[in-house]
Each structure stands twice: as C-alpha cells, then as structure tokens.
Amino acid sequence: MTLEVVLLLKKITLQMMDIFQKTLLGQIPLRKSEIVQAIVSSGIETLPIISVSTAFTGLVVTNEIAWHLHESLQSVTMMPGFTGQFVVRELGIAIPALLIVANSGASTTAEIGTMKITDQIDALTLLGIDPISFLVFPRFIASMISMSCLIVISVFITLICASAVAVLKYHFTVPEYFNATVHFIHPKDLVGALIKGVVFGAVIPIISCAYGFQCKGGAEGVGLATTNSVVTSTLTVICLDFLLTYLFTLLF
Amino acid sequence: MRKLSGKILSSFFHEVGSLTHFFVLTIRTFFRTQGNSKAIMAHLSTVFSRSFSTVLFAGVFVGAILVLQFNLMLKNFDAQIYLGGLNTSALVREIGPLIISFLLAGKIGAFTAAELGTMRVTEQIDAIECLGMNPIQYLVVPRMISIIVGSQFLLILGLIIGILGAMGIASLFCGVNFLQFSSSIPRFTGIWTLASGFFKSLVYGIIVAGVACYKGYTASGGARGVGRAVTQAAAYICFYIVIANFLTSYFLDFIHEFFNLLWGVHTA
Amino acid sequence: MSIRFVNVSKSFGPRKILQNISFEILKGEILFILGKSGVGKSVTLKQIVGLMKPDEGDIYLDGAPISKLSLEELAVIRSQCGMVFQHPALLDSLNVFENVAFGLGTPQYMKTHPTLLSQEAKKSVVIDKLKRVHLTDSILERFPPEISHGMQKRTSIARTLAPEPSYILFDEPTTGLDPITTRAITDLIFELSRELKITSVVVSHDMACALSIADRILVLDQGEILALGTPEEMRKSKIPLIVDFLSETLFQEDEITQKEVK
Chain A
1 MTLEVVLLLK KITLQMMDIF QKTLLGQIPL RKSEIVQAIV SSGIETLPII SVSTAFTGLV
61 VTNEIAWHLH ESLQSVTMMP GFTGQFVVRE LGIAIPALLI VANSGASTTA EIGTMKITDQ
121 IDALTLLGID PISFLVFPRF IASMISMSCL IVISVFITLI CASAVAVLKY HFTVPEYFNA
181 TVHFIHPKDL VGALIKGVVF GAVIPIISCA YGFQCKGGAE GVGLATTNSV VTSTLTVICL
241 DFLLTYLFTL LF
Chain B
1 MRKLSGKILS SFFHEVGSLT HFFVLTIRTF FRTQGNSKAI MAHLSTVFSR SFSTVLFAGV
61 FVGAILVLQF NLMLKNFDAQ IYLGGLNTSA LVREIGPLII SFLLAGKIGA FTAAELGTMR
121 VTEQIDAIEC LGMNPIQYLV VPRMISIIVG SQFLLILGLI IGILGAMGIA SLFCGVNFLQ
181 FSSSIPRFTG IWTLASGFFK SLVYGIIVAG VACYKGYTAS GGARGVGRAV TQAAAYICFY
241 IVIANFLTSY FLDFIHEFFN LLWGVHTA
Chain C
1 MSIRFVNVSK SFGPRKILQN ISFEILKGEI LFILGKSGVG KSVTLKQIVG LMKPDEGDIY
61 LDGAPISKLS LEELAVIRSQ CGMVFQHPAL LDSLNVFENV AFGLGTPQYM KTHPTLLSQE
121 AKKSVVIDKL KRVHLTDSIL ERFPPEISHG MQKRTSIART LAPEPSYILF DEPTTGLDPI
181 TTRAITDLIF ELSRELKITS VVVSHDMACA LSIADRILVL DQGEILALGT PEEMRKSKIP
241 LIVDFLSETL FQEDEITQKE VK
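Protein chains in written order, with the working numbering: chain A, 1 to 252; chain B, 1 to 268; chain C, 1 to 262.
Since the hints were made in silico from the structure, they are not lab data.
We put the CB at the ideal spot given by N, CA and C, even for glycine.
There may be inaccurate statements among the hints.
Calculated lysine-lysine pairs in the DSSO-like style (CA-CA distance at most 30 Å, straight line) [what the hints assert, rightly or not]: (1) K111(C) / K3(B); (2) K7(B) / K111(C); (3) K10(A) / K32(A).
Just so you have them, the derived chain A footprint on chain B, three or more residues with Cβ under 8 Å [what the hints assert, rightly or not]: (4) 68-82; (5) 141-148; (6) 207-214; (7) 236-245.
From the structure, some residues in chain B lie toward chain A, with a derived Cβ separation under 8 Å [as the list claims (entries may be wrong)]: (8) G17; (9) A39; (10) T54; (11) A64; (12) L86; (13) A90; (14) R93; (15) V121; (16) G175; (17) R224; (18) I255; (19) F258.
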C-alpha cells in the first residue's frame, strides 16, 4: 500500500464524516435518489450471488459441526446451539462480507478507475462538483444500509439451510431444532452482527474509491488498482472482524 | 421473474461451459506441447513474492478469529480442553482453505486477470498469435501451472501460520496454554483431516487459476474491459469456491463413510 | 498470388459490420482501406490472418480458404502474412531484441529455417531488421515502455518483418502519432513495399497518406464498398464521403503551402 493511498484514505474518511455531520444537521440536502440507485447497484444486484453462496455455506456448516461434535462428544444433540452461534457470530457475516468485497468493491474501483483515466473525474472538478462527495458519499451510505441488510438476510438463509440438513440428515424435528437454536442465540449476537455489517459496509467503499481515485496509466492501471483494492479490502475485513470479535467478547 | 431466473441460470451454465472448455483446452495444450520450465519458474516466483506476506498476515488473523469464537462457545459447555483440537480441525478442514483462497482470489486471481486482460486489449495476444505462436501455450499454460502449484504451498503455509496464531491468541486471551492447546490436536486432526484440507486446497487452487486465466484471456474493450475482467475474476472465483466448498465437503464425507463401511476403520 | 475476398459478411450481434464484400488485393501493391471509425476496417484486416472468422463467404490467401484451415495450416499462412497492430502490441515482459526475435522462435519458423537456431544468427537478423526501420542496435536491451511511441511503432514493424512475410497488414499505423512521425512511418511503409516487394494492406482514415503512397484505395461505408480505385480516380470522385475526406486533405495541403510561402 503506497503512501498516496493512505493519504487519500484519510482525506476521504474525513470528508465522509464531515458530509455525514452536515447532512445530519440539515445543512446539505440528502440526495435520496442517488443513494437508492447505489443501493440497487451494490445491494440488490449482489443479492442473488450472496443468497446462493450463503445457502451453500449453510449446507456445509451443519455437516462440519456435526462431524466435530461426533468426534468430541459422540453425540450431535448440541448441534443447533453450536451451529446457530457460529453462523450468527462469524460465518454468516464473514462469507457475505468477503463476497461483497469481491463483487461491489472491485466494481467500484474499476468504475472510478476508468472514470479517472478517461479524465471524467477532472471534468467533474471543472464543472464545480467535488468528485469525492459526489461519487463516494452515496456509495458510502448505500453500502452501510445494504451491507447490514445483506448480512441479516444471509444469516437467516444460512440458518435455514443448516437446519434443513439437520432435519434431513441428522433426524431432528423442526420445532425441536428451532427451539434449541433460538435458545442459544442471544439478541446481543444479532446486534453484534449488525454492527459488523455497518462497519464493513462503511470501510469497503472508502477503500475501493481511494484505489479508484489513485488509478494511473491505461488499461493496465485499472487492472492493478482493482487487484490492490480487492486485496486491501479483504485484509481489512479480516482484521476488523478479529478486532470486533475481540471487542464483543470483552463487552458482552 | 421466472423468465429472469431462467435467463440467469442459462447464462450461468453458458459461463461454466466456456470456462470448462477453456480449461480443457489449456490442459490439452499442456500435454501436447513442450513445457517451458523457465517461464513456469518465473511465474511461480511472482506468485510467491506477491502473496507470501499477505498470506502470513491473513493466516494469523483467521486462526485468531476462530479461536475467539470457539472459546466463547466451548465456555458455555465447559469444554475448553477441546479448544485446540476443534480449532485446528475446523481451520484445516474448512475455514482456513476457504478464507485464504478468498485472499488468493484477489492477490493472484485478479492480478493474473489484469495482466492477461491488459495483453488482450492492447492486442499483444493477437500479435503473438499472428507471429505463429500459440498464446495458450505461451501465456496461459505457465501461469495456470504456477498458480495451481503455488497456491498449494501458500495455502499450506497459511494453515500452519493460522494454527500458530490460534495458539498465541489462545494463550494470551483464553487462558489455554500451548501444551493444553496442542494436546487435544491429535484427537481431531488425523490423516483424513489433513487429506481433506489438501484436497480442498487443490480444488480451490484450480478454480483460482482457471477462472483468472479465462477472464483475463477473454477480456475485451479497453480499460473498461480490463476493469470488468478483474472484477468478474475476483467475484466469480469467490462464488465458485463457495460452491466447490459444498461439493468437496459432501464428496469427502461420502468417501469417508465409504471407507468406514469397507474396512470398518475409523480415521479422524 | 493474391488475397481475395469473396462475398464476405460479418456481424456482431445485431450490428452488421460487413455485407457481402468482394475484392482482390494484388501482388506487390499498396492498398489503403479507408473509412470512418467503426465501419469494419480492422475487422476486414483481422479476417485475413484468421483472428476473426467471417459469418458468410471466405477469404482466399494464395488460393487457400482462411476460415476452413486447421490451426497448423493457419500457422503456415501466418508466417507469410505479418500484421502491425494499432497499439504497438510489443510484449511488455520482453526487451526489444526478444520482441523482434519472437517470430523467429516459433515452432513453425524453426522447422522451416533450421539455420537460424543460434543466438548470434538471430541477433544479426534482428539488427538487420532494425536497420530497415531506421533504428540502431543501441535499444536492443531496452524494454518497450522505456522507448518513445514512434520507436515502439518501428520496433513493432521490425518484429513483423523478421520472419520475412510476403504480405504485411497495417492496422491504423499512424493513429495517435504526431504529424512528423506520421510522415516518417508513411514513408517507411512505401520504402518497405517497394524495396522488399511486399504486398501492403493499410487500414487508415488518413486520406493524405493514402493519396501520397497508395497504388489503390478502397473506401468502406456502412459495411459496403463505396469505391475502389487509384488515387487519381479518387481525386476526381464525386461521391460525397470521398469529397469530404478529400477536402480535409486539401485544407491541410493549403496550410502547408501557405506556410512555405511565408
């Protein structure tokens, strides 16, 4: 990561906070239509891919946890609790977050990078529009909203698929499994999941946009910027996931 | 809605079909033509130098996240003695290969797609073809081989580092020291667990290599096209890996049960 | 010995690029293919070397139908038919020497020219070809991004010349270059065609270039051949598009003469 990107990240983050504050105080009108459009492009379009992936993850997780429980306790009665907690606290969040990095994060960088090298960003500046607030802010807000929604959706899909496997393969009855899962999932876990969603949703567009803005050269530059943006966002998400998990263990 | 989902499904199968075709073509070219070991070594060193530090970094954190989560859960059941075993087994069998290959999707997959895509849109691939060289043999085969081989080493490295990181975090934050941690490992982690981890890594490596080369090689349309190729490479690799995770998991389960039935041997 | 287009049609999805095109490129001539952007000039060129296949009809290179050849047979054809791309398309990972020598290292070429296997033999060929395009051997070790755009273009021509083709196809050789380099590249194309007796097909939208060196000019518009004839015939043409193209050139020529008068 070059110094240039770090400085850009700082600049964009400060500007986002500034605009956020001014919008809350009512000094700047909220551009609702652009935010809705950004939600559609970052959230709705990735919804199918996220749903399918998390469904498959759900199918796997029961199997794996059952295997481990069988090894350690020789019984799978603990499965609903284990699966529920693991999905709500970790797997149901990390998998969609990483998929969103690869999907909308990468496409944001590619889009802004292409605008940059075809001089569209300069054109915006000349028209008196600040490119950062114009391009980044709607994505920033939209990403936070759509990310938390996607995480809630994916947690539920994962749980449903996990319980389907439990019912079909490990002979739980539906109410039994449902009650056991609900018993082990605390509301604070759901709050934690939402917090993680909002944080990831805030970080991903800022990193992707910063890499887009510092894009140089022709086609090669766009490719490299997108690559770097995906890698940095993935690493950041993994690190933040660890930090937030640790924070929750301390707080809750 | 039905029409739309039909369209998505058919385009998905079309995509998978042409991807498979490209992969088979590359494999056939590999066996029919003379290999270029120098080019493979060069690409292998690029793969390593690009991803070594990131894989180490990510490995530590993946191990650390898992250990925190398992510690929380096991505390409920008063079963912290199993922490080391459960954590290592979950890391090797499932989460480790998954998360680290997500990282490789960006670090190697997207990079290769960017490289090949740039060569495609600046007509370098056409030039190679015009000069009478087979671009698949010259460009794709060495890249694919080195990514598949390199990603194996990187994944194994990431898993080892992940286990070490988990040990460190366990002794720092969870009150489980190295000895307690490692004593329960053999109970869960046997030959079969290692074999499943390696098998998954191999499948993920093939996905990273195949999709990245395919997306880069078939890019079109200037800088925008390269951007699209890179984005799609990253997104599709992650998506295919999640699906492959499911398929390999059930396939390995099936094989495991088959062996148990056949010999009545129980292997962890 | 010629390239013949017989009833060639090509479309991308709903967009019809070429409709039923037939013409012949004669041995030893310089043929310019002119037209506005996006009328299928580059597509025409890429079909000759089999990088794209026509939907209907076929192209015959020395009597062989291009779209029906196997990859091995295409490789033989391609060794006689070089192409210079719009971007210089030099391989970024190789230096100038390796780039120019690239065509000498292919299996097809090594089979037919066993004398050129040694590095020294290759080097003398490369230096000879670089001289042909007025470059010195001082840039041999440099990499493409380190040399100027005009030099990249010349290197790319040298690379095409290395396997000694009998046809060279130029895809917009002067697009994006300054007027002086444009002039130099145009002269180079003329020189190579006459001295080496190479058939040149040049895709361009530069009428001035075409008028100065072409033997014949083919004008494409909306997927069809609008006109095919010598520069003299073009100058006399009354077709609106050609008149437009010509007026652009006349304007430039006027400017030049005015400057000379001053």
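Against the structure, the hints come out as follows:
1. Of the supplied pair hints, the one linking K111(C) and K3(B) is violated, its CA atoms being roughly 55 Å apart against a limit of 30 Å.
2. Under the criterion of a C-alpha separation no larger than 30 Å, the hint pairing K7(B) with K111(C) is inconsistent with the structure, at around 49 Å.
3. Distance restraint check for K10(A) and K32(A): the Cα-Cα separation of roughly 26 Å lies within the 30 Å cut-off, and the hinted pair is therefore satisfied.
4. Counting residues of the stretch 68-82 of chain B whose C-beta lies closer than 8 Å to any C-beta of chain A gives 9; at least three are required, and the coverage claim holds.
5. Here's how the stretch 141-148 of chain B fares: 0 of its residues keep a CB closer than 8 Å to some CB of chain A, so the rule of at least three is not met and the hint is violated.
6. With 0 residues bearing a CB less than 8 Å from a CB of chain A, the stretch 207-214 of chain B misses the requirement of three and the coverage assertion fails.
7. Chain A is given as covering the stretch 236-245 of chain B, and this holds because 6 residues of the stretch bring a CB closer than 8 Å to a CB of that chain, at least three being needed.
8. Hint status for G17(B): violated, given a least beta-carbon distance of 18 Å to chain A, over 8 Å.
9. At a threshold of 8 Å, the smallest CB-CB gap from A39(B) to chain A is about 20 Å, leaving the interface hint violated.
10. Given the 8 Å rule on beta carbons, the hint for T54(B) holds: about 6 Å separates it from the nearest Cβ of chain A.
11. Hint status for A64(B): holds, given a least beta-carbon distance of 5 Å to chain A, under 8 Å.
12. Given the 8 Å rule on beta carbons, the hint for L86(B) holds: about 6 Å separates it from the nearest Cβ of chain A.
13. Of the supplied interface hints, the one on A90(B) holds, with its beta-carbon coming within about 7 Å of a beta-carbon of chain A, less than 8 Å.
14. Annotation: R93(B) was flagged as interfacial toward chain A, and the flag holds, the nearest CB pair being 7 Å apart, inside 8 Å.
15. Interface restraint check for V121(B): the shortest CB-CB distance to chain A comes to about 5 Å, inside 8 Å, so the restraint holds.
16. Because the closest C-beta pair between G175(B) and chain A is about 13 Å apart, greater than 8 Å, the hint is violated.
17. Because the beta carbon of R224(B) sits about 5 Å from the nearest beta carbon in chain A, less than 8 Å, this interface hint is met.
18. Because the smallest distance between the Cβ of I255(B) and any Cβ of chain A comes to about 13 Å, over 8 Å, the interface hint for this residue is violated.
19. Checking F258(B) against chain A by beta carbon gives a least distance of about 15 Å; that is not within 8 Å, so the hint is violated.
Hints 1, 2, 5, 6, 8, 9, 16, 18 and 19 from the earlier list are contradicted by this structure; the remaining hints agree with it.
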